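Chain by chain, the residues:
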Amino acid sequence: MSSEYTNSLKTNRYIQKGLFDRFRASPAGNVILVFLLVLFTCSIISLIYPDNFRFLSKPNLIILQRAIPTLGIMSIGVGILMITGEFDLSVGAVFGLSAYIMAMVYTAGMPILVGVLAALLVGIIFGLINGWITTSFGIPSFITTLGTLFIIRSGGRLVSDNVPIIFQVPDWFKTLMTGRMLGYIQMQFVWFIIIAIIAWIILNRHTIGNHFISVGGNQMSSTQVGINVKKTKILAFVLCSICAVIAGIMSVIRVGVVNTDAKPLMELECVAACVMGGVALTGGRGSIVGVAVGAIMFHLVKDIIILGKLPAYYLELFIGLVIVFGVTLNQIAKKKY
Amino acid sequence: MKKIILNTLGSIFFVTSVFFVSSASAKTDNDEVDITLIVHCCLGHPFWEPLLKGARDAAEQLGVNVDFQNAEFDPAAQVNMIEQAVANKQNAIIPMIAHPDAQTEPLIKAQEQGIVVVAANTDHPDGAASGTRESYVGPNFVDSGIVIANYVAEQGGLKEGDHCVLPGVSPEQWHIAARGEGVLKGLKAHGITGEIIRSGEKEEGAIDIISQYLIANPDTACAIGLGGTATSVMPQAIEEAGLDLIPNGGFDTMTTISTNIREGKTLATVDQQPYWQGYLSVIFATMKVRYGLGAPDFNSSTGLITKDNLGVVEEFAGTYR
Amino acid sequence: MEKNKKFEISSSSNRYIQSSKLELILRGSYANIGFLLLALLLITLFATWLYPNSFNFYTPGNLAVIFQHIPVIIIMSIGAGILMICGEFDLSIAGVYTLCSFITASALNEWGWHLSSSVAIGFIVALVIGLINGLVTTRLKIPSFIASLGMMFFLQGVVRWFSENPETGVPGSISLSPPQWFFNLMSGQLFGPFYAQTLWCIIFAIVAFLLLNLHTFGNHVFATGGDKEAAEKDGINTSKTKIIAFMLCSFCAAFAGLMSSTRVNLISPAQTLSGLELQAIAACVIGGVYLFGGRGSILGIFFGACLFGIVDNLLVIIRAPGEYMPVFVGTILIITVILNTNLGFAKTRKES
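Protein chains in written order, with our numbering: chain A, 1 to 337; chain B, 1 to 321; chain C, 1 to 352.
Pulled out of the complex, with its shape left as it was, chain A reads as follows (with noise of 0.2 angstroms):
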């Protein structure tokens, strides 16, 4: 993958790439340096221009912090599933129904805390789920989650009678998913940044992380080297689908209101960040941060769009635009590194 050394085609010795090459050859390496760009790009227009690009003013920021880790979270998720080689059309319902579920569990009475155990319940059997299916029968993931995609988003009438709940939870929690720190830093960020960190830590210094990317790389060698490709498998979808709850707790908290009723576009921008960020879509690589950084500049398009006041009825005429071009970015720095 990154090779310290490479083949120089002028003495045809090995030479020590520097640190740059190595670090565009990463898999988060060009999406980073593309954000770098973008955000120093943003500032000096906004530094020079206060009133007709608003980037820096405190409400965008703080609108930014908001948005951007309901799907940052979710991609995480979703991106060390792709890492294990599977996708999950489900989360978005997923992130829907448990969020519901909580809310039902706390508005008949139960502590806060009890509504997030269930919800993180519905979310790991949910993932579970998913997994037994597409391990055991061998079934494209894509084919398993799409059926459950449609059976959650209906199944979830049943629980709700697709009756809308409002409510606001207790002020305590509140404050610590969604409050603000400084004037400046909103929690959900801070909780954004809190599991990225949580996910680079177990996919780079855990064995499990090596599991994942093992079996996303090379199924057959995994199962030859003693890893059991079920288990680790399965484990992956669990992971995703927590990731899914989280994120939807995070999104109800700020709005207030609930419904189950849930649209599956929201995997597949999810899908589109990840691989914005470097994860391979037939798995095997990839990286949190890139993921994350994807996530990021996925809002980051959109909000550049509304405030330039470019036409935002065609929002997503320009992000079809933005994905492929994020995208061809990696697949250059791929096939040149």
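If you are wondering where the hints come from, they were derived from the structure by calculation, not from laboratory data.
Computed from a predicted structure; not experimentally measured.
One or more of the hints may lead you astray.
Computed list of lysine-lysine pairs in BS3-like fashion (alpha-carbon distance at most 25 angstroms, straight line) [as the list claims (entries may be wrong)]:
no.	chain 1	residue 1	chain 2	residue 2
1	B	K185	B	K159
2	B	K185	A	K309
3	A	K58	B	K265
4	A	K309	B	K159
5	C	K141	C	K233
6	C	K141	C	K228
7	A	K174	A	K58
8	A	K174	B	K265
9	B	K265	B	K307
10	B	K188	B	K159
11	A	K309	B	K188
Residues of chain C clear of chain B, computed beta-carbon distances all greater than 10 angstroms [claimed, not checked]:
no.	residue
12	S106
13	E110
14	I124
15	V128
16	P143
17	P166
18	Q180
19	Q189
20	G192
21	N219
22	D227
Quick reminder that beta carbons are idealized off the backbone N, C-alpha and C, glycines included.
Starting from the known structure of chain A, arrange chains B and C on it as the hints suggest.
Using the frame of chain A, we list chains B and C on its own:
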């Protein structure tokens, strides 16, 4: 072990499908009235709940069978469902004529076969003259757009040359486009411009996009949501953008919207009273089938919900309202 | 490849024995789905025999719906399927389906073009979109999943922009209103329940079958999907193959859209949201196409799309509650794929 599971799975599948299919189709009896209600999109969305409840309540009270189908945005699916209802020899069809060109012919054919057609929620642009439906229960989207635009403009004290933002879940959907048309027309009469933006299906996404728009355009004078989702998040979006509350209003009565109106955060919302759309369309259809009673068109909207006439809306939101 | 092997090692005696033609047929990747389809049809026949008055599946009205609607799904799935065998996806077909018909209708009604040029411009746009998808995937090396996702978003915005009514400022639907002969060509009634759409889908299926099995292009498609590097080393231009497959896929989507629009006489901009691409992919996977490419058959796709369409139709005709439709579809999808993969007639699972 796996083979056993699979074989059991296969046989259970086979047996249940036979029973399911046969029992489901054996439901009907020639004396009963069977009605198919076709929703033109997004059947899972909470907006439809009062409509479905109205239809179910009416069905229960009258002793008829109503089944609901969802044509997710596809005019071909709409036509399929109408023709299948005809093949099923249903007594009545309650369509939502969101795709008039596509639905006209099948509905006329259905009527020729003796099936009663009562339109709900969305009418044919030509109304009764189109011959596609006996009667219609529902609002007029364009007109209600004009009404809310006038109200917000006057109550909000807007002047000529102001600019409003009109967020909608997804502007290509028929009812959102129609409402947008009405609102733009209404605003234009006051000399106010409006911009339709897409705020997306999720409330959180809507908050983000509307706030970011307001941050970019802090001189926006008002905000009129073109649907329940957009309207319900308006006050929060304005707050998160760091602006003082600007006059806002919109459509549909979700619980959040009613609360906002009560607290004075939202000016008004257009209530199309979907309960009536479900309830009365079933009643009209049944009465026509059984006794030949005709019914007039029924505008299910009695106007705006403001602080003054909020009444019990909050209590019954999601069920009857 | 198993298809051509007439001899195989008998497990008992370790000698080559000749498989009968029947066994070969039973081992094709379409075998499982064929059996499932047969089972489903048997169920419907059984139900019709039990309840002749209330189970209205085989009435002329319903059959008309089946024979007009399922060909649309079949044609879209054939295009998507050939691309999947190549190893790529196209998530933008719902956008192509809508946009190309929209352009044809606009050209015919608003710009006053001749019918043939209107239809031609629609297909040209489809081919261009396919070309772009293909180039982006092969030249820029972006995974087709992502490239076509971007294209899907892009097309949603384009349709919105294109359909904007200048008077009202909001998107509006447009009606096709073709001359009668065109209507008969695309969706006229032939005899009984058979419509022009049925004929078209059979033509498409036969052409696709010939292309895939008797033409070099078909070989290239299977090779590219199976093992890209090996194909390239064999001298196959995989990029060209993929680009052609993308263009075929978009063409099929545009044709399906045109057929459907002619039948209902309307194109609505919201059709881009109707989720057709997932239906096509699901139909292909049910029909035995590998998600990662290299294996599949037109007959399988045909059966898969039929199964999908018939189940959909069945659920409406038995008046299943529409609120729970996704549950049924999801369950049936999973069960069908499980049965398809594991029933053991054909090995459709990647040996892992």
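Structure-based check of each hint:
1. B/K185 to B/K159: It holds: about 16 angstroms lies between the C-alpha atoms, which stays within 25 angstroms.
2. B/K185 to A/K309: holds, 23 angstroms
3. A/K58 to B/K265: Holds. A/K58 to B/K265 sits at ~23 angstroms (cutoff 25 angstroms).
4. A/K309 to B/K159: Satisfied, since the Cα-Cα distance of roughly 23 angstroms is no more than 25 angstroms.
5. C/K141 to C/K233: holds, 18 angstroms
6. C/K141 to C/K228: holds, 13 angstroms
7. A/K174 to A/K58: It holds: about 21 angstroms lies between the C-alpha atoms, which stays within 25 angstroms.
8. A/K174 to B/K265: The hint holds at about 22 angstroms.
9. B/K265 to B/K307: The hint holds at about 10 angstroms.
10. B/K188 to B/K159: holds, 11 angstroms
11. A/K309 to B/K188: With Cα atoms ~21 angstroms apart, A/K309 and B/K188 stay inside 25 angstroms; holds.
12. S106: Answer for C/S106: holds, closest chain B Cβ roughly 14 angstroms.
13. E110: holds, 15 angstroms
14. I124: holds, 24 angstroms
15. V128: Given a closest Cβ separation of 22 angstroms, the condition holds.
16. P143: The claim stands: C/P143 keeps its Cβ more than 10 angstroms from every Cβ of chain B (closest is about 25 angstroms).
17. P166: holds, 12 angstroms
18. Q180: Its Cβ never comes within 10 angstroms of chain B, the nearest being 14 angstroms, so this holds.
19. Q189: Consistent with the label, C/Q189 stays out of reach of chain B, its closest Cβ about 13 angstroms off (over 10 angstroms).
20. G192: Given that every Cβ of chain B is farther than 10 angstroms from that of C/G192, nearest at about 14 angstroms, it holds.
21. N219: At roughly 34 angstroms from the nearest Cβ of chain B, C/N219 sits farther out than 10 angstroms, so the non-interface label holds.
22. D227: Holds: least Cβ distance 29 angstroms, greater than 10 angstroms.
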